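Colleague: Here is what each chain is made of, one letter per residue.
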Amino acid sequence: MHLRAIPAAAAFTVFAALAAIPARASAARDDGDDHYVAIHCGRVITGTGEEKEHVTVLVKNGKIQAIGEKVELPRPCKVIDATKLVAMPGHVAPHSRISLMDFPRAGARADLKVADEFFPAADAFDVPLAAGFTTLQLVPPGAMGIPGRAMIVRTADVGAGFVVEPVGAIKANLLTPAQDRRMLSEALNGAKREIEKVEKARAEFEAKKKAAAEAEQKKKEEEAKKAPAPGTPPGTPPGTPPNPPPNPNPNPQPPNPQPKEGEPPKPEGAKPAEPKPPEEFQPPPIAPPLQPFVDLIQKKPGALLFVRIGAATTYLHFLEATKDFEVAHVLYADVTPARGRPQPFFGVPGTDLHWAAKKFGEKKELVVLAPYLSYVQGAVDFVNVPERMVEAGAHVAFTPNGDAPDEFNLFRYNVNEVIKGGMKRADAIAAMTKHAAEAIGMQERLGTLEVGKDANLLLLSADPFDVQARVEQVVIEGEVAWSREKKGRS
Amino acid sequence: MGRHLEGLALLLALAAAPRSPAQEAFTDVTPARARLDDKKPDDKKPGDEKKPADAKDAKKPDEKKAEEEKKKKEEKKDEWLAVLNGDVHTITDGVLRGATLLAKNGRIQAVGYAIEVPAEAATIDAAGMHVYPGLLAVNSTGVLGGEPVDLTTDVYSQNMTFALACGWTTMVSGNSAGKLTWGSLDGLLLRSNLWMRVNYASGDERRRIREELDAARDFLRKRRAFEQARASGQETPEPKPEGVNEAWLKLLGGDVLARFDVGSVEDLRSIAKLVTEYGFKAVIFGATEGWIVAEELGRAGVSCVITPHTPRVADTQRNRANGATIENAALLWSHGVKVAVIPQSQRLSSDGLLDRDLRTPTVEAMLAMRGGLPHDAAEAALTINAARILGVDDRVGSLEPGKDADLIILDGDLLAYDSFVYYAVVNGRLVYDKAKEPLFRDLRPRPSTYKEPKPEPPPEAKPEPKKEEGAGEKKEGEGKHEGEKKPGDAPKDGEKPKDGEKPKGEPKPEEKPKPDDKPKPEEKPKPDGGPPAPKRDRTAISSDSIRADS
Numbered sequence: 002m003h004l005r006a007i008p009a010a011a012a013f014t015v016f017a018a019l020a021a022i023p024a025r026a027s028a029a030r031d032d033g034d035d036h037y038v039a040i041h042c043g044r045v046i047t048g049t050g051e052e053k054e055h056v057t058v059l060v061k062n063g064k065i066q067a068i069g070e071k072v073e074l075p076r077p078c079k080v081i082d083a084t085k086l087v088a089m090p091g092h093v094a095p096h097s098r099i100s101l102m103d104f105p106r107a108g109a110r111a112d113l114k115v116a117d118e119f120f121p122a123a124d125a126f127d128v129p130l131a132a133g134f135t136t137l138q139l140v141p142p143g144a145m146g147i148p149g150r151a152m153i154v155r156t157a158d159v160g161a162g163f164v165v166e167p168v169g170a171i172k173a174n175l176l177t178p179a180q181d182r183r184m185l186s187e188a189l190n191g192a193k194r195e196i197e198k199v200e201k202a203r204a205e206f207e208a209k210k211k212a213a214a215e216a217e218q219k220k221k222e223e224e225a226k227k228a229p230a231p232g233t234p235p236g237t238p239p240g241t242p243p244n245p246p247p248n249p250n251p252n253p254q255p256p257n258p259q260p261k262e263g264e265p266p267k268p269e270g271a272k273p274a275e276p277k278p279p280e281e282f283q284p285p286p287i288a289p290p291l292q293p294f295v296d297l298i299q300k301k302p303g304a305l306l307f308v309r310i311g312a313a314t315t316y317l318h319f320l321e322a323t324k325d326f327e328v329a330h331v332l333y334a335d336v337t338p339a340r341g342r343p344q345p346f347f348g349v350p351g352t353d354l355h356w357a358a359k360k361f362g363e364k365k366e367l368v369v370l371a372p373y374l375s376y377v378q379g380a381v382d383f384v385n386v387p388e389r390m391v392e393a394g395a396h397v398a399f400t401p402n403g404d405a406p407d408e409f410n411l412f413r414y415n416v417n418e419v420i421k422g423g424m425k426r427a428d429a430i431a432a433m434t435k436h437a438a439e440a441i442g443m444q445e446r447l448g449t450l451e452v453g454k455d456a457n458l459l460l461l462s463a464d465p466f467d468v469q470a471r472v473e474q475v476v477i478e479g480e481v482a483w484s485r486e487k488k489g490r491s
Numbered sequence: 005m006g007r008h009l010e011g012l013a014l015l016l017a018l019a020a021a022p023r024s025p026a027q028e029a030f031t032d033v034t035p036a037r038a039r040l041d042d043k044k045p046d047d048k049k050p051g052d053e054k055k056p057a058d059a060k061d062a063k064k065p066d067e068k069k070a071e072e073e074k075k076k077k078e079e080k081k082d083e084w085l086a087v088l089n090g091d092v093h094t095i096t097d098g099v100l101r102g103a104t105l106l107a108k109n110g111r112i113q114a115v116g117y118a119i120e121v122p123a124e125a126a127t128i129d130a131a132g133m134h135v136y137p138g139l140l141a142v143n144s145t146g147v148l149g150g151e152p153v154d155l156t157t158d159v160y161s162q163n164m165t166f167a168l169a170c171g172w173t174t175m176v177s178g179n180s181a182g183k184l185t186w187g188s189l190d191g192l193l194l195r196s197n198l199w200m201r202v203n204y205a206s207g208d209e210r211r212r213i214r215e216e217l218d219a220a221r222d223f224l225r226k227r228r229a230f231e232q233a234r235a236s237g238q239e240t241p242e243p244k245p246e247g248v249n250e251a252w253l254k255l256l257g258g259d260v261l262a263r264f265d266v267g268s269v270e271d272l273r274s275i276a277k278l279v280t281e282y283g284f285k286a287v288i289f290g291a292t293e294g295w296i297v298a299e300e301l302g303r304a305g306v307s308c309v310i311t312p313h314t315p316r317v318a319d320t321q322r323n324r325a326n327g328a329t330i331e332n333a334a335l336l337w338s339h340g341v342k343v344a345v346i347p348q349s350q351r352l353s354s355d356g357l358l359d360r361d362l363r364t365p366t367v368e369a370m371l372a373m374r375g376g377l378p379h380d381a382a383e384a385a386l387t388i389n390a391a392r393i394l395g396v397d398d399r400v401g402s403l404e405p406g407k408d409a410d411l412i413i414l415d416g417d418l419l420a421y422d423s424f425v426y427y428a429v430v431n432g433r434l435v436y437d438k439a440k441e442p443l444f445r446d447l448r449p450r451p452s453t454y455k456e457p458k459p460e461p462p463p464e465a466k467p468e469p470k471k472e473e474g475a476g477e478k479k480e481g482e483g484k485h486e487g488e489k490k491p492g493d494a495p496k497d498g499e500k501p502k503d504g505e506k507p508k509g510e511p512k513p514e515e516k517p518k519p520d521d522k523p524k525p526e527e528k529p530k531p532d533g534g535p536p537a538p539k540r541d542r543t544a545i546s547s548d549s550i551r552a553d554s
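Going line by line, the protein sequences match chains A and B.
If you read the first sequence in our numbering, its first letter stands for residue 2, the second for the next number, and so on.
If you read the second sequence in our numbering, its first letter stands for residue 5, the second for the next number, and so on.
Simulated from the structure, these hints should not be mistaken for laboratory data.
Quick caveat, the model's predicted, so the values are computed rather than measured.
Among the clues, some could well be false.
List of simulated lysine-lysine pairs, DSSO-like, C-alpha gap at most 27 Å [as the list claims (entries may be wrong)]: (1) K364(A) with K226(B); (2) K365(A) with K80(B); (3) K85(A) with K71(A); (4) K364(A) with K458(B); (5) K81(B) with K360(A); (6) K254(B) with K364(A); (7) K359(A) with K226(B); (8) K360(A) with K277(B); (9) K277(B) with K359(A); (10) K244(B) with K364(A); (11) K210(A) with K220(A); (12) K210(A) with K221(A); (13) K324(A) with K85(A); (14) K458(B) with K359(A); (15) K64(A) with K198(A); (16) K365(A) with K244(B); (17) K81(B) with K458(B); (18) K277(B) with K226(B); (19) K455(B) with K324(A); (20) K360(A) with K244(B); (21) K221(A) with K209(A); (22) K360(A) with K285(B); (23) K364(A) with K277(B); (24) K114(A) with K201(A); (25) K359(A) with K455(B); (26) K198(A) with K61(A); (27) K71(A) with K201(A); (28) K324(A) with K285(B); (29) K277(B) with K365(A); (30) K421(A) with K277(B); (31) K198(A) with K221(A); (32) K226(B) with K244(B); (33) K209(A) with K226(A).
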C-alpha cells in the first residue's frame with residue numbers, strides 16, 4: 002500500500018466523508034427518474050472477444066442498456082464524447098488489501114469478514130482508480146489458514162458507497178501445506194459432517210412427524226369406531242384422546258415430540274391447549290466458521306473459495322485436500338521474488354506454476370496471476386507462466402502483484418510484456434476483463450461490456466497495450482468517477 | 005479472546021473427529037500396495053500410516069466396499085512402463101543382460117526375458133545401457149522438506165531434478181524416508197519414524213540408559229511370563245509398565261531402530277556390547293574407527309552408515325590402533341556388518357569438490373572399493389543395504405518383481421567414474437530425462453528413447469503376458485492381480501522388438517570386464533524356447549554417442 006502523508010486537517014475530511022457515506026447512498030437516483038448516460042466511443046474492447054469501432058454505449062441507471070453503432074438516445078441523456086478514445090471494461094483486481102489493517106487471526110475463521118474491518122478514507126482507492134481499476138476484491142490478511150471472507154468494492158463512491166458486495170469469497174491459504182492443507186480439508190469435512198447432522202435431524206423429524214400422524218390417524222379411527230359405543234364419557238373435548246385401550250406399545254409416540262438433543266428448545270406456545278400448526282423443521286445450528294463451507298459444498302450461489310497457493314506443489318496439495326468435494330474455487334498464486342538467483346536476476350518475481358500447467362489445464366482451473374514473466378527455478382530461462390496456463394487449457398485472470406502504486410500504474414504495461422512474451426492478445430484481454438470478474442464471482446455484473454452489466458468503463462487515449470496510452474476517464478456505473486481533465490475524482 | 009478459544013475448541017474437535025473419506029483416500033492403499041500387503045500382512049512398520057485407515061475399514065466394511073466399487077469405476081487405466089534391452093542390475097539377483105523390465109502401476113511386474121510388453125506401455129529403449137535400482141541417500145538436506153516430508157517437499161524443485169540426475173531416488177530427511185516423485189505427491193512418503201536417536205556417550209548417560217533398559221527388559225519378561233501363565237489358564241495379575249520408558253519397550257520389541265552417531269573405537273565397542281546384551285536393532289552413523297572393532301560390531305549385528313574416505317590421522321601417542329582407513333568399509337563388510345555409504349556432506353551443490361556431497365553418490369562407494377570392498381557390496385551399499393537398514397527393503401533397493409519401479413538408467417557401470425544417469429524412474433514414472441533437462445543436456449548427449457504411453461488397444465483378446473524366464477518372479481498374489489486387468493496384446497507389428505531377443509553371439513561393445521565382479525548367476529540366460537530373435541534395435545542410439553572407451 003502506498004503511504005501518503007495525511008495532513009492533520011484532512012482527518013476531519015476523512016471523518017466527514019465517512020459520515021457522509023450512508024447519507025449519500027443512492028442519492029443520485031433518488032429522484033425516481035431513469036438516469037441515462039450515453040458514451041460515444043471511438044473503439045470498444047468489450048471483453049467478450051470483440052473489438053468494435055464507433056460504438057455508443059447507452060447506460061440506464063448504471064447498467065448497460067444498449068451497445069451498438071446506432072443506438073437511439075432517450076431524453077434527457079447525458080452524453081460523454083469519447084469518439085477519439087478506446088473503451089474497455091474497467092480493470093478488476095482480484096487480490097488487494099488497500100485501506101485495510103492487519104487484524105491478527107489464526108486457524109479456520111471463515112466466519113470473519115473483511116467488511117467488518119472496512120473503514121476507508123474517501124481517497125483510499127485513488128491510485129487504482131486513476132490507473133483504470135473500477136473494482137477490487139479486498140481479501141482478509143495473513144498467509145496461514147483460513148482468515149475469513151473477502152469483500153468487493155468499487156474504487157470510487159459514485160453515489161452508493163464503496164461496497165459492492167460485503168461478503169464475498171472465502172479465502173484459504175495453502176502456502177504451508179503442513180498446516181493449511183489439513184485445515185482446509187478439515188473445514189470441508191467438518192462442513193460435510195454438519196450437513197449430515199442436519200440431514201439426520203431432518204430425517205428423524207420427518208419420521209417422528211409421520212409416526213405422530215399415524216398415531217393420530219389410528220386414534221381417529223378408533224374414535225370413529227368407539228363413537229357409537231356407550232362407554233365414551235360425554236364431555237371429552239375433541240382432540241384429547243379417550244381412555245385409550247391397553248396399548249401394546251408401552252411408550253406411544255407423543256404427538257408433539259420433545260425437542261431433540263442439539264436442537265434449540267422450541268418456545269412453548271402461549272395457548273398449549275390449542276391444536277398446534279404443523280411443526281416446522283428447525284435445523285440444528287451449524288458452527289459459524291463452517292457455515293460458509295456448508296454453502297460451498299451445497300453449491301449455494303455466490304459461494305466461492307479463493308485459494309492462495311504458493312508454488313506448483315501446493316496446488317497438488319489443494320487437489321488432495323478437495324479430492325472428495327466439488328467446490329467452486331479460484332486459485333491465486335502470488336509471484337514472489339525467487340531466491341537463489343544469480344546477481345542480475347536476484348529478486349525478480351516469478352512462480353513455478355508452469356510445471357503443473359497440464360494439471361491446471363485438465364481441471365480448467367481459473368488462476369489469478371500477476372502479469373509477469375517468471376524464471377525457471379535454478380536457471381535464468383524465462384518462462385511465460387500465464388501463456389503456459391492458457392495453452393494447457395486453464396483460465397488466467399490478471400491482478401496487480403500487491404498494492405504498490407506502480408503495480409496499478411504499470412498494470413497494462415506488465416500485461417504488454419506478457420503478450421510480448423507470447424501470450425495471445427485476446428487471452429490477455431480476457432484475463433484482464435472476463436476472467437478477472439469471474440475470479441471474484443462477479444461475472445454476472447462485471448468483466449465485459451454487455452447489455453445488462455454494470456457500466457464500468459475505462460476510456461483510454463490509445464490501445465490499452467500502447468505504452469503511451471493514458472487513462473482519460475474512468476466510468477463507474479455510468480458515472481464519471483475519474484477524469485484526466487479534472488485531474489482527479491469527479 | 006473468547007472467540008479465539010472457541011476457534012481453538014472447534015479445531016480440536018475437528019482434529020478429534022473421525023477420519024474423513026478424503027483422508028482415507030489419501031492414505032488408502034493402491035491395488036499394487038495391497039498386493040504386497042496381502043503377501044505380508046504382519047510386515048507393518050511402526051510408522052505405517054495405513055494402520056488407522058485399516059482400523060476404520062474394519063468398522064465399516066460395507067461402506068468401504070461401496071467406496072472401493074466407486075473407486076474402481078473411476079480407476080484409471082493401468083500404467084505400464086517397459087525398460088527394454090538394458091543390462092538390468094538387479095543387485096539381489098545378478099545381472100540380466102539385454103533384459104526387459106516391465107512396471108505396472110508403479111510396481112515392477114517382471115524382470116527378465118521374453119516378457120510380453122503391452123502395446124500401450126510407455127517404453128524406454130535402454131539398449132547398451134545399464135539399469136540399476138535408484139540409489140538411497142541415508143541422509144540428505146535440501147531436497148526433501150522437513151517433517152512431515154509429504155507436506156513440506158517441493159516436488160517441482162530444481163534440487164529434486166538435480167538429485168535425480170545424480171542417481172538418487174530415495175532420500176532420508178530428518179527421520180523420514182521419502183522418494184523423489186517429481187511432479188507428484190503420490191507415494192512420496194516411504195516411511196516415517198525411521199529411528200530413535202540414542203546418545204550413549206557419557207558415563208552418566210550410559211548408566212541411565214542401562215537402568216532404563218533393564219527396567220524395560222524386566223517388564224517384558226514379566227509380561228511374557230504373565231501371557232504364558234494366562235495361556236495355561238492361571239490367574240495372575242497383569243504387570244503394569246510403571247516407570248518403564250515406552251521408547252525402550254519399542255526398541256526391545258524390535259519396532260524401532262536405534263541410531264547412534266559415533267566414530268571412536270571406545271564408543272563403538274561399548275555400543276556393540278550394549279546391543280549384544282540387549283539385542284535390539286541398531287545402526288551406527290560414522291563408525292570411523294569401526295574397522296578396529298569390526299568383529300565385535302559384526303557379532304552384535306549392528307549396521308553402519310559410513311563415509312569411507314574420512315580422513316582422521318592416527319594418533320601415534322596412543323598405544324592402540326586408531327584413526328581412519330579407507331579399508332573401513334571392506335573390513336566391516338567382511339565381518340558381516342551391513343554397510344551403507346553416504347558422501348561426507350549430505351547436501352546437493354554444484355560447486356563442491358568431488359565426493360564431498362550428494363552430487364557424486366558413487367565416489368565414496370568407489371573409494372570403499374579401493375579399500376577392498378567387492379564391487380557387489382559397493383553397489384549394495386548404495387541400494388539394498390541402505391534399504392535394509394532403513395527397513396524399506398520390501399519397497400526399494402533392488403529390481404525385483406513386486407518392488408517399486410524406482411530405477412536409474414546409466415550409460416555405463418554405476419561405479420565407473422564416467423557414467424551418466426540418462427533416465428530416472430520413480431514409482432514407474434519417468435521423472436528425469438537427461439535429454440530434456442537443462443542440467444546435463446549438453447554433456448555427451450543421446451537422443452531420448454522414451455516413448456509416451458500409447459492409447460489402450462481394444463480390450464478383446466488380451467492374453468496374459470508370458471513370463472518364460474523372468475528372474476525371481478513373484479509367485480504369490482500375482483494371478484489375482486492380473487485377473488483384474490490383463491495387459492494388452494502382444495506388441496503389434498511395427499512395435500519395438502521384443503525384449504530378451506538378443507542373439508547369443510551379439511557383441512556388446514559397451515560392456516566392460518569387471519575383474520572384481522562375482523560370477524553372476526544369470527549372466528547369460530537366453531530364451532531357449534522363445535521365438536527366433538530379431539536383431540536388437542539400436543537405431544535409437546547414434547553410434548557416436550556410445551563411448552569409445554567402453
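Colleague: With reference to the structure, classify each hint as holding or not holding.
Modeller: So, going through the hints one by one against the coordinates:
1. K364(A) with K226(B): 59 Å, violated
2. K365(A) with K80(B): 19 Å, holds
3. K85(A) with K71(A): 17 Å, holds
4. K364(A) with K458(B): 22 Å, holds
5. K81(B) with K360(A): 17 Å, holds
6. K254(B) with K364(A): 46 Å, violated
7. K359(A) with K226(B): 60 Å, violated
8. K360(A) with K277(B): Judged against 27 Å, a Cα distance of about 55 Å means the pair is violated.
9. K277(B) with K359(A): Between K277(B) and K359(A) the Cα gap is close to 57 Å, so the pair fails against 27 Å, i.e. violated.
10. K244(B) with K364(A): 55 Å, violated
11. K210(A) with K220(A): Answer holds: K210(A) to K220(A) is near 15 Å, not above 27 Å.
12. K210(A) with K221(A): 16 Å, holds
13. K324(A) with K85(A): 51 Å, violated
14. K458(B) with K359(A): 18 Å, holds
15. K64(A) with K198(A): 43 Å, violated
16. K365(A) with K244(B): 59 Å, violated
17. K81(B) with K458(B): 12 Å, holds
18. K277(B) with K226(B): The hint holds at about 24 Å.
19. K455(B) with K324(A): Violated, at about 30 Å.
20. K360(A) with K244(B): 54 Å, violated
21. K221(A) with K209(A): Judged against 27 Å, a Cα distance of about 18 Å means the pair holds.
22. K360(A) with K285(B): Judged against 27 Å, a Cα distance of about 43 Å means the pair is violated.
23. K364(A) with K277(B): Between K364(A) and K277(B) the Cα gap is close to 59 Å, so the pair fails against 27 Å, i.e. violated.
24. K114(A) with K201(A): 30 Å, violated
25. K359(A) with K455(B): 18 Å, holds
26. K198(A) with K61(A): At roughly 47 Å apart (the allowed maximum being 27 Å), K61(A) and K198(A) break the hint.
27. K71(A) with K201(A): 59 Å, violated
28. K324(A) with K285(B): With a Cα-Cα distance of about 39 Å, the restraint between K324(A) and K285(B) is violated, given a limit of 27 Å.
29. K277(B) with K365(A): Violated, at about 62 Å.
30. K421(A) with K277(B): 71 Å, violated
31. K198(A) with K221(A): Measuring from Cα to Cα gives roughly 34 Å; hence the hint is violated.
32. K226(B) with K244(B): The hint holds at about 9 Å.
33. K209(A) with K226(A): Holds. K209(A) to K226(A) sits at ~25 Å (cutoff 27 Å).
Of the numbered hints listed earlier, those contradicted by the structure are 1, 6, 7, 8, 9, 10, 13, 15, 16, 19, 20, 22, 23, 24, 26, 27, 28, 29, 30 and 31.
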